Amino acid sequence: MQPQENVEQFGYRQELRRGVGLTDLVFYGLIFMVPIAPFAIFGPVYKISGGMPVLAYLVGMVAMLFTAASYTQMVRAFPLSGSVYNYAGRGIAPPVGFMTGWAILLDYLLVPSLLYLVASIAMNASVPGVPVWGWLLIFVAVNTVINLRGIRMTITLTKVLITCELVVLGLFVLIGVWALLQGEGQGFSLSPLFNPDTFSWPVIFAAVSVAVLSFLGFDGISMLVEESAGGSAQVGRAMRLALILAGLLFVVQVWVAALLVPDPAGLLASGSESAFYDAAASAGGEWLRHVTSTATAISWGFADTLVAQVAVSRLLYAMARDRQLPSFLAKVSIKHSVPANAILLVSVLSVGIGVWAAQLEDGSGVTLLSSLVNMGGLIAFVVLHLSVIVHYRVRGRSSDLWSHVVMPLIGMAILIFVIVNANILAQRVGLIWLAVGFVVLGVLYARGRRPTLDDGEKAGLTGIRSP
Amino acid sequence: MTRPPLHQELFLIGHDQSGKPLVHQHSMALGLAGAMLLDLALSERVTVEQGRIAVTDPTPVGDAAVDSLVPMLARDRAEREAKFWIKKLAEDAYDRTRQSLVASGVLVIVTRRRMGMLPYTRHQLADIASVVRASAGVRSAVEGWKQPDGRGAALCGLVGALRLEAELYLDQPSARLIERLREIAREHSPVVAAVVELIDDMLGEAAVAVFR
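In the order they appear, the protein sequences are chains A and B.
Mapping the first sequence onto this note's numbering, position 29 (from 1) lands on 29, and the numbers just tick up by one.
So the number in this note's numbering is just where the residue sits in the second sequence, counting from 1, plus 467.
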């Protein structure tokens, strides 16, 4: 099957300005992923991976590269800014698209809570006088006001924020390596990559189920396919580049941090959520703890929530306009040009879920929310791989078995293994969520409102996001 | 007395007396672009059918901002959709409309200082009568005092799409007013209904856009 670089075949014309270049796309993916994302979840990943966070991130990167390959195939087939909901609906069938959208909704609805929680924990590490839930309320209030005022991420702001994050990361790595050379921590070792005493594939895949959170967001690049100066080919390249860049940055920072952990045995037992900041403090002193935790707070609590809020709103708006969610979510404020109802709903959910997660013992809130968010994303990615096989091989009789059968199958197998080894509660909630989705789908059918993708505009609005 | 173009009337309804916009400037720009297109369509210079625009008569309508669009639309070999052109027109619709109102003396440029220090510029109404005249037709149509013509129906639809119903100062619930304004636009003619619906959709999409 020949790739189609033309949106007109789907009943609508190229409309958006094609002006976003490769660098802008990569930067957009990076701001979604957050180059310093491991700062926030290093402790849980270290604990679950048996002290091998580097291996967990490498496996996660490989899994996501396969997923990016499937994205590239589907973006070429359907160059619409619709992402996985759109691709599953068009590549397999509209009801499958609905269920994929429903799966990713779990991810979308929980992601702001997770972002606020992580940012609040980071601020609490710097200013312990204000409890985590107090910071959470502050973050939600400030972001809600920013979002309701219609303040939006711009290409320039994206570059500025990425640069700041990279400066902080560079600072940590330089000081960390210097400290290791001075005999701090455990000295140079391969154990963060491979430790024969703790290694087993289930352990690693369980860690990947949390670590993969740092990679989710590369797929947000597909939302900009209609604005991409180089079309779908450039979007595919940008996804791969962003993933590899982020993967390398993640590997370097968790390797250095793992070697600097003051009490490895204690961290293996507790999985402390402030483990990265503790490692930073042991390398450079308290000031580096504050720099890294403040950078995390700003990256997750402001930069990422700005882009995540847009993505969540797009999904809620599109599904509501398709009459698959309550219609009040499709109403927007013309005065400020924002989806005010969706913003308020997400803020209320964020406060409720965030405060509840902040109260969980042993700081397991981040791990649980990460697992749930990842569950939604991973299920959607499995369907994405399936869409490639169905669209190209089953329907199109493609002879390119490597790209259209083997690679999606490998990608799917890795993701299924990650899902199987994920947090049990996350698996249960994921299954319950899917079951509810089937019920909603049944109700939609019963009421004569079965999902369709006739209106490309609406489907095209449904983008994907992540931290 | 010659009525001002549709986009100028919409601009006047969408600002308070001090020149402050009542809705987001990007939303207003989309509404003004729709008004310019309707100015041409209702003057029978272009047709809007199945989401496409075709120039049928290149004769000027007498408004510089609107007339400058015709050659651009006529040159479009790709026959792009109305939506594309509305986005394109929206890029400078706000400035062009404001300049035309200044040129015709309806708006005056006023420079002031915040706290006696920070200078800012406002485009204020020279005479409030102009905005009263602009909204009078919409009020008459909503209250049923007078059957609206094409321009009146188009203005009703755009006022409804931009949620400017409060500026009509009618003692009716907002939701009922919006519904009535949309109904007037829908019932008048297919072109008014289609362009207003398009603007409504685009306002929603702009609110959830990644970049704007």
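Rather than coming from a laboratory, the hints here were simulated on the basis of the structure.
On a predicted model such as this, the values are computed, not experimentally measured, just so you know.
Treat the hints with care, as some may be off.
Derived lysine to aspartate or glutamate pairs resembling EDC-like cross-links, with alpha carbons at most 16 angstroms apart [said to hold, decoys possible]:
#1 B/554 to B/664
#2 B/554 to B/646
#3 A/331 to B/668
#4 B/487 to B/634
#5 A/335 to B/634
#6 B/550 to B/594
#7 B/554 to B/543
#8 B/613 to B/654
#9 A/335 to B/483
#10 A/331 to B/664
#11 A/331 to B/646
#12 B/554 to A/184
#13 B/487 to B/562
#14 B/550 to B/562
#15 B/550 to B/634
#16 A/47 to A/227
#17 B/550 to B/646
#18 A/47 to A/263
#19 B/555 to A/227
Status of the hints after comparison with the structure:
1. B/554 to B/664: Cα-Cα ~14 angstroms, so holds.
2. B/554 to B/646: With a Cα-Cα distance of about 25 angstroms, the restraint between residue 554 of chain B and residue 646 of chain B is violated, given a limit of 16 angstroms.
3. A/331 to B/668: Holds - the C-alpha atoms of residue 668 of chain B and residue 331 of chain A are around 11 angstroms apart, at most 16 angstroms.
4. B/487 to B/634: holds, 13 angstroms
5. A/335 to B/634: holds, 13 angstroms
6. B/550 to B/594: Roughly 35 angstroms separates the two Cα atoms, so the pair is violated.
7. B/554 to B/543: holds, 15 angstroms
8. B/613 to B/654: Given that 16 angstroms is the threshold and the Cα spacing comes to 15 angstroms, the pair holds.
9. A/335 to B/483: holds, 13 angstroms
10. A/331 to B/664: Between residue 331 of chain A and residue 664 of chain B the Cα gap is close to 14 angstroms, so the pair holds against 16 angstroms.
11. A/331 to B/646: holds, 14 angstroms
12. B/554 to A/184: Cα-Cα ~59 angstroms, so violated.
13. B/487 to B/562: It holds: about 14 angstroms lies between the C-alpha atoms, which stays within 16 angstroms.
14. B/550 to B/562: violated, 20 angstroms
15. B/550 to B/634: violated, 27 angstroms
16. A/47 to A/227: violated, 41 angstroms
17. B/550 to B/646: Cα-Cα ~23 angstroms, so violated.
18. A/47 to A/263: Since the Cα atoms of residue 47 of chain A and residue 263 of chain A sit roughly 12 angstroms apart, the hinted pair holds (cutoff 16 angstroms).
19. B/555 to A/227: holds, 14 angstroms
Violated hints, in rising order: 2, 6, 12, 14, 15, 16, 17; the structure is consistent with all others.
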